[in-house]
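Positions 21 to 125 (my numbering) are the ones given, in order, by the sequence shown.
Okay, derived cross-link-like pairs now, SDA-like style, lysine to any residue, Cα gap no bigger than 20 Å in a straight line:
#1 Lys114 to Arg63
#2 Lys48 to Cys85
#3 Lys109 to Gly21
#4 Lys114 to Leu62
#5 Lys48 to Leu86
#6 Lys114 to Gly77
#7 Lys114 to Leu78
#8 Lys48 to Ser58
#9 Lys109 to Gly77
#10 Lys48 to Glu91
#11 Lys48 to Leu38
#12 Lys109 to Pro56
#13 Lys48 to Gly77
#14 Lys48 to Arg63
#15 Lys114 to Val29
#16 Lys114 to Ser32
#17 Lys109 to Val68
#18 Lys48 to Gln70
#19 Lys114 to Ala98
#20 Lys114 to Gly97
#21 Lys48 to Gly35
#22 Lys109 to Leu79
#23 Lys48 to Leu62
#24 Lys48 to Arg34
Read the hints as simulated data drawn from the structure, not as lab findings.
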Amino acid sequence: GVVFCRGPVEGSLRGVFLDAGLTTPVVKSELDCAVPGSPAALRFGEGVPQGCTLAVGLLRGERRCLYISREGQWPSGACWFQDSASNGKASLAKGPQFMSEVEFT
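When you get a sec, could you build the whole thing from the sequences and use the hints?
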């Protein structure tokens, strides 16, 4: 399946990285499906064009770590899951519909 996560506004995920060395920002990365033509957008569907929407493909029991620098922030956001079969029919990259989501502040 795929886990989608998004911050509240453009620029809110500055300082969030894909690697522990803090060298690969999540914004405009291969996981950012808000970027048309990105690997994540091509695989899971395009997110909303404003800001950053992460699309993290995961197998059952798999995990993925993201890293926040000391100067970074992720003030609030929402994450939701979509199974592979459902995503293959219609992507929920632009937002959850008829399903539960996790919001955090």
